[in-house]
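Q: Now for the letters of each chain:
2 protein chains.
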Amino acid sequence: MIQEKHAYDNYGIHYPNSRKVYVAGSRSDIRVPFREIKLHGDTENLRLYDVTGAYTDPSCEIDLKQGLPAIRSAWIAERGDIEEHASGVEILSNSEKAFHGLQRKPLRAKDGKSVTQLTYARQGIITPEMEFVAIHEKVEPEFVRDEVAAGRAVIPLNINHPEAEPMVIGRKFRTKINANIGNSALGSSIEEEVDKMQWAITWGADTVMDLSTGADIHDTREWIVRNSPTPIGTVPLYQALKKIDDNADDLSWELYRDTLIEQAEQGIDYFTIHAGVLRKDIPAAKARKLGIVSRGGSIMAKWMLDNNQENFLYTRFREICEIMRAYDITFSLGDGMRPGCIADANDEAQMSELRTLGELTKIAWEQGCQVMVEGPGHVPLDKIKINMDKQMEECFEAPFYTLGPLVTDCAVGYDHINSAIGGAVIGWYGTSMLCYVTPKEHLGLPNREDVKEGVIVHKIAAHAADLAKGVAGAMDRDEAMRKARGEFRWEDQYNLSFDPQRAREYRLASLPPEERDQADQHYCSMCGERYCSMRISEEIRQSATGQGLSEDEALTQGMQE
Amino acid sequence: MIQEKHAYDNYGIHYPNSRKVYVAGSRSDIRVPFREIKLHGDTENLRLYDVTGAYTDPSCEIDLKQGLPAIRSAWIAERGDIEEHASGVEILSNSEKAFHGLQRKPLRAKDGKSVTQLTYARQGIITPEMEFVAIHEKVEPEFVRDEVAAGRAVIPLNINHPEAEPMVIGRKFRTKINANIGNSALGSSIEEEVDKMQWAITWGADTVMDLSTGADIHDTREWIVRNSPTPIGTVPLYQALKKIDDNADDLSWELYRDTLIEQAEQGIDYFTIHAGVLRKDIPAAKARKLGIVSRGGSIMAKWMLDNNQENFLYTRFREICEIMRAYDITFSLGDGMRPGCIADANDEAQMSELRTLGELTKIAWEQGCQVMVEGPGHVPLDKIKINMDKQMEECFEAPFYTLGPLVTDCAVGYDHINSAIGGAVIGWYGTSMLCYVTPKEHLGLPNREDVKEGVIVHKIAAHAADLAKGVAGAMDRDEAMRKARGEFRWEDQYNLSFDPQRAREYRLASLPPEERDQADQHYCSMCGERYCSMRISEEIRQSATGQGLSEDEALTQGMQE
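The listed protein sequences correspond, in order, to chains A and B. 455 is the number that the numbering used here gives to position 455 of the first sequence; each next residue is one higher, with no gaps. 120 is the number that the numbering used here gives to position 120 of the second sequence; each next residue is one higher, with no gaps.
If you are wondering where the hints come from, they were derived from the structure by calculation, not from laboratory data. Any given hint could turn out to be false.
Identical copies carry no separate label here, and so any pair may be met within one copy or between two of them.
[To be verified] Result set (DSS-like, lysine-lysine): computed pairs, CA atoms no more than 27 Å apart in a straight line: (1) Lys138 to Lys289; (2) Lys280 to Lys362; (3) Lys172 to Lys383; (4) Lys172 to Lys469.
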């Protein structure tokens with residue numbers, strides 16, 4: 001099954017003793033990547049789900065100016081339902097910063113065609129994309145197809161982002177995490193954002209949202225999409241506003257539509273669309289303790305009030321669906337009414353919007369579009385379950401994609417941990433993707449270290465959810481770690497962790513300098529040598545077997561005693 | 001009610017704009033401390049539960065060589081049921097490192113008397129200690145007495161630790177957290193350990209366990225106890241072993257008993273005692289994936305095997321009870337069989353021990369002793385509830401005191417977050433105290449920064465649990481934060497957080513240098529000025545009131561529209 005073998009150094013300093021391996025599918029161009037960790041002792045090497053794309057494949061030459069290889073182009077083309085078509089919508093590109101690499105003509109569905117994975121799944125087709133994710137998730141392709149057909153899972157893949165590796169978001173699969181990047185009016189450059197994307201993927205982000213609101217939005221996004229092996233999401237409203245110099249009064253359906261098309265042609269895989277913020281819910285939002293804390297939600301609410309009109313994202317929803325299905329862009333129905341404080345959790349504003357999102361989910365499905373639904377926000381532990389259950393009920397099991405939830409309002413500076421607590425719990429209850437929160441939440445934009453920290457703690461939360469849900473393969477990593485721990489294989493323990501460098505550093509820092517070169521000794525510095533419970537446990541085990549008893553006999557004898 | 005007013009600078013750089021206030025009880029020597037945060041705008045100052053003792057009271061002079069003021073001496077003496085009594089057990093003190101400060105004669109219950117808070121509560125007495133904690137927890141004294149009498153809560157206070165401020169551990173009260181400190185064979189000094197204790201308290205540790213296994217155990221402990229305003233716990237087995245040079249073969253009841261008495265006379269408030277590790281359970285422990293990971297548990301298991309005898313902590317349990325009640329030391333029944341990996345969670349070894357701990361709880365209660373029960377360990381999210389429920393059932397609602405649980409085995413380097421996830425969940429389900437885990441768990445001994453990090457993330461977990469349980473007063477802090485956030489009071493947001501310095505630093509770091517002196521502007525650097533959802537929300541609110549409508553009318557009008 002494995003097609004190539006590299007040395008165990010493909011992942012650089014971040015993941016020592018790891019190499020890239022591919023598992024082949026039914027056709028030669030389905031090559032599903034895993035990170036294989038070399039383990040010692042009497043233990044099989046462990047293969048982990050991998051999202052790092054060509055960056056860790058030594059046979060690929062990386063040239064950011066050319067973008068990543070377009071691994072899906074053939075799959076998209078051979079279905080015969082697309083055509084090259086440039087809409088000619090106006091784009092604002094800064095020629096100095098523009099992406100001058102590989103320029104393809106934008107693809108679009110042929111007239112009247114739906115090119116979504118949902119449409120194919122409903123037709124009973126197992127696409128190469130479905131087979132790819134099935135291998136990655138260690139399940140059968142038919143299962144992927146059925147989950148997608150039922151709307152319980154999405155494969156967010158724009159036909160104009162052939163560089164992306166297929167991945168699935170649904171509660172019966174590995175819980176995914178998203179990392180937000182993006183410049184703001186207050187700073188950061190294209191280079192920084194591309195670097196943040198790569199960095200987020202290095203630590204395991206399954207998707208990346210570009211939330212840029214500052215300069216060079218179009219060009220920043222182009223560089224990110226061309227170089228991203230994971231799906232990219234955006235909130236198109238931010239760019240639409242930017243085009244009118246942040247003057248919400250000038251916002252119009254036409255401007256917004258053109259922005260959708262501009263981003264669709266670039267290859268954005270999912271759009272957050274705040275179509276559920278309705279006029280009827282504004283009084284409930286005003287009545288709440290902290291109003292509307294979603295940027296998109298508050299902008300649309302203000303627009304409705306100022307213009308005395310219903311939300312055009314709602315009234316034009318069918319037209320939006322037509323755009324989405326022509327490129328296979330997945331809806332991420334925005335939760336403009338998400339609670340921004342514990343006191344507002346699960347209130348009427350939130351629940352009313354959720355019902356609207358359910359209604360929109362149905363419409364989008366009728367139109368052949370893939371849908372996920374965004375969720376809160378700030379929710380105390382005791383209200384998470386009902387929130388999850390309501391979402392499943394009101395939105396017919398469309399995948400839930402939550403920000404946090406944060407389980408207290410007071411963890412400023414530690415909100416990534418706050419979010420990991422709520423995220424692990426809601427993931428266990430059924431959320432399909434967690435949006436990461438960084439230590440800078442509520443305070444400012446994350447830097448590189450914050451992005452890493454945010455990704456890793458949410459990876460831990462998602463993994464905890466997967467263990468609790470019994471997701472295929474999740475337990476393998478814990479079993480390998482448990483075994484390495486019991487056998488004092490320190491190197492293996494580092495390498496099985498989410499951050500091998502940190503684990504190693506921490507251990508070495510707590511050893512006296514003269515012992516650092518014997519760091520593989522059979523005890524840790526917590527208990528010291530003589531108190532080591534692991535060693536004593538091993539002695540106890542051997543004391544029985546030493547008496548010439550098998551494990552079973554020892555048990556029986558122990559029982560009789 | 002408030003007896004003294006200081007300037008808002010009692011808590012130094014860690015908590016700016018905070019001062020110490022005392023609320024008086026029914027007698028002048030009941031003075032219950034709170035940390036009052038000065039807030040701005042149209043907002044009452046917030047009073048938080050305080051554990052920092054005399055260290056933050058500017059009217060107290062701190063002299064570590066003399067120890068803290070003995071605030072409880074009169075309460076203890078006036079009950080007339082104690083006497084001065086030095087047992088004369090041999091102690092190993094290093095005269096150079098000994099605590100030469102205030103030397104009191106050890107106190108002990110008069111012959112046949114039980115001087116425990118449980119005994120008083122059962123007699124219907126509301127002790128000053130109970131009143132103190134009632135004021136601190138914002139509940140009625142009768143409620144505290146009844147919870148203690150029922151065994152659902154403990155007030156761990158050795159009569160030889162009059163320096164400690166009373167506190168209660170029980171699931172109907174604020175969830176507590178414990179910080180472990182202690183030197184090991186591999187390093188750290190008395191000064192470092194005392195400093196770690198103070199440091200842990202600074203960040204909010206409700207109790208501190210001294211788990212020293214290295215040099216100068218007796219003297220280290222003496223310095224810690226004399227200077228600690230919070231209860232101190234230990235695992236006496238560690239010192240007993242140390243006395244025989246770690247040679248478990250020489251372990252005996254007499255040696256152990258003398259160690260209990262030595263520590264009882266010093267004033268240790270609760271003892272972890274691994275009396276539930278029985279011979280009958282060893283086969284089940286051997287059968288598990290990772291054996292016995294508790295130090296105390298593994299030592300006792302090995303002793304039983306080597307000596308072919310039942311655990312003397314179990315066979316001598318009634319004698320131990322007699323010691324405990326003569327000083328009012330609370331049992332913390334150790335979970336020697338706690339699972340050390342996800343695969344072993346809730347297995348037969350653990351459950352069998354839990355049943356034994358329930359049996360021992362009953363015996364201890366019969367003897368008038370206070371009891372809490374220790375819990376795991378490594379437990380996946382889906383097995384936490386059953387673990388909590390089993391503990392309540394098998395141990396008759398005696399307070400549960402858990403280590404974590406860790407919800408995955410793989411979070412090395414991030415195990416404090418791993419533990420905060422499990423801790424928040426089990427706290428919500430009913431655990432009374434969480435034992436902190438630091439980022440160095442499984443790797444080495446924590447340093448100062450690790451202690452802080454460990455305490456704060458568990459404070460967040462405990463607070464999340466309290467919000468979910470609806471503990472008295474828990475929501476006040478979130479309400480204050482919510483209001484400060486809505487009103488852009490940045491200073492107040494920092495000061496309401498668990499780590500004001502970090503919150504401030506993070507915000508300033510994300511502002512352009514030229515804006516740092518206007519850091520109180522009405523937006524944050526995440527969205528920038530024009531996109532600020534909070535500001536837009538405020539505009540929406542004002543847009544209605546600006547039309548000359550009251551909030552209610554605006555609502556109604558909005559509804560009709």
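Q: For the identical chains here, do Lys172 and Lys383 meet the 27 Å Cα criterion within one copy, between copies, both, or neither?
A: both (22 Å within a copy, 19 Å between copies)
Q: Should Lys138 paired with Lys289 be assigned to within, between, both, or neither, using CA atoms and 27 Å as the limit?
A: between (45 Å within a copy, 25 Å between copies)
Q: Given identical chains, is Lys172 near Lys469, meaning Cα to Cα at most 27 Å, within a copy, between copies, both, or neither?
A: within (8 Å within a copy, 30 Å between copies)
Q: When no copy is specified for Lys280 and Lys362, does a C-alpha distance of 27 Å or less occur within a copy, between copies, both, or neither?
A: So Lys280 and Lys362 pass the 27 Å test inside one copy only (20 Å; across, 59 Å).
Checked against the numbered hints above, the structure breaks none of them.
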